[in-house]
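S.K.: In order, the protein sequences belong to chains A and B.
Those letters in the first sequence? Residues 2 to 432, by the numbering used here.
Those letters in the second sequence? Residues 2 to 96, by the numbering used here.
Since the hints were derived computationally from the structure, they do not count as laboratory data.
Beta carbons: idealized from backbone N, C-alpha and C, even for Gly.
All clues given are correct.
Stretch-level coverage of chain B by chain A, calculated; a stretch enters the list once three of its residues show a Cβ under 8 Å from a Cβ in chain A:
#1 11-22
#2 31-43
#3 62-68
#4 73-80
#5 87-94
Simulated pairs of lysine-lysine, PhoX-like, Cα-Cα distance not exceeding 25 Å:
#6 A/K251 with B/K38
#7 A/K379 with A/K412
#8 A/K427 with A/K367
#9 A/K427 with A/K379
#10 A/K175 with A/K141
#11 A/K231 with B/K3
#12 B/K38 with A/K175
#13 A/K379 with A/K391
#14 A/K175 with B/K83
#15 A/K430 with A/K379
#16 A/K251 with B/K3
#17 B/K15 with A/K231
#18 B/K38 with B/K83
#19 A/K354 with A/K175
#20 A/K6 with A/K336
#21 A/K118 with A/K231
#22 A/K141 with B/K83
#23 A/K170 with B/K83
#24 A/K354 with A/K27
#25 A/K251 with B/K29
#26 B/K26 with A/K170
#27 A/K175 with B/K26
#28 A/K27 with A/K6
#29 B/K26 with B/K38
#30 B/K83 with B/K15
#31 A/K367 with A/K175
#32 A/K336 with A/K141
#33 B/K52 with B/K26
#34 A/K251 with B/K83
#35 B/K26 with A/K251
#36 B/K15 with A/K251
#37 A/K118 with A/K27
#38 A/K412 with A/K391
#39 A/K251 with B/K52
#40 A/K430 with A/K354
The lines below spell out each chain.
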Amino acid sequence: MAEEKLTAIIVGAGPAGSTAAYILAKEGHDVVLVERGTTPGSKNMYGGRMYSHALNRIMPGFWEEAPVERPIAQETVTFLNGAQSVSIGCGNMDWTTGPYHSFTLLRAEFDAWLAGKAEEAGALLACGIRVDELLMDGAKVIGIRAGEDEMLADVVIAADGVNSIMAQKAGWAKVFSPRQVATGVKQIIELPAETISQRFQVSGNNGAARLFVGDCSNGMMGGGFLYTNKNSISLGLVINVGELQRSQVKLCDMVEDFKSNPHIAPLIEGGEVAEYSAHLVPEAGLAMMPRLYGDGMIVVGDAAGFVLNLGYTVRGMDFAIASGEAAARTVMEAKGRNDFSEQGLGRYVDFLKQSFVLRDLEAYRKMPDFLENERMYKAYPELVTGLASKLLTVDGTPHVHLLKMVIDQMKESGISLIQLARDGWKGAKSL
Amino acid sequence: MKRPTIEQLLGVDKFVVDDEQAHIKVNKEICSTCQPKPCTFACPASLFTIKNEELSFDYAGCLECGTCRVVCPNAGVAIEWKYPRGGFGVHYRYG
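Turn these sequences into a full structure, and let the hints steer you where they fit.
M.R.: If you want it as structure tokens, here you go:
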């Protein structure tokens, strides 16, 4: 491999790594983007939707050429409880014209496209290579080793995903505890485009995004998701690993149970499973963040734990892209001063704070703790669905005052007034 | 929709199995002392199973999520976890 020293070696051609490579290469820096899959994206999966803002800042109008599936026009959160369900939905047609608010997209195609943009800009893309070790000079990262090959650079950008081997090898990431991560599992279910548009009541190529809470996680911390692609539906579950430690139901069976749930089955009826995938999701936010930079290395994307789940929005790709951008800007400044020491790369945190990445993670720092509340996954879905069902049932039985109905349903769901007030206050504060 | 088995689900995925090197190795002695064996429930590909009262593991079919490494009560000692060598393992066509 190359004898001369590169500006940056970027480990991982996901959205964070490819964005960093694209920006650096465009500015004329020598960068190598190393990917362990035979093509970029072939190791990657996620729920199904990317919020557009981060990439649109870097590549305005990217959707004109990027392989995106459907712009999301409809957002729905659904509480599931046996035969009952309650959905809260929001449609906004402004989301479906430029600048599109969010798109469903498939990672194998999209990540390959983004890495291709980095290549076009002049980055060298090396696929099918697993990076085994960091090369160190004392405490300074000076390059990587993959098998017998060694490569040196001013800086290594660790964009190698949630199980970041780079951050662990540097001793920057602690082994995460089970409660800090969740396992996401997904099936791609193929259906004709017109069938999808009809079932989800969206016009043309518009799409729908749905999140589910309640039965789908068997009372465990987690939930379900559904995103519409052009010719397929992305359907799956995300369950906290700490909860999985005491689960007596196999995760793969939980997905099938979810598919046969009476509120889900009609949506996927007649579909064919085209892929089954799984991935860890860093969920603890700031609490699990590794050291973000040090002598000769910067950590970006999932490797840095940059994911934000608020229960009604789930974000990862926009954080990955913006952190890749912040890393690239940091490296360019460091190159100007020829200082890749910890101090020289310290601007990374400034850039992350200037963008939404650290700002949002800090603003919502109480959210992971709030979502640990077990009542969110069983008692509250029961309360909401039970109450709505009673309100909407007409069967000739005597009138019950609404307040009594609420109090009775709370008793049935095992929620006290104090708990409700406390959880409501905590939730309001977290947001 | 007919309920597929996990074998059928993994059957639709594309894998390039590394016949020479297992990327995940399980220490069966330690696992024999583990009562709950959460890996048998948590692995999305259900690759950890009990056969003849012993933990059995097959690395082919691994979706490379890393759940086993985190869910294991003997994390760090019972499971030796790596990604497959470059070019091997699962190859998502959708993701």
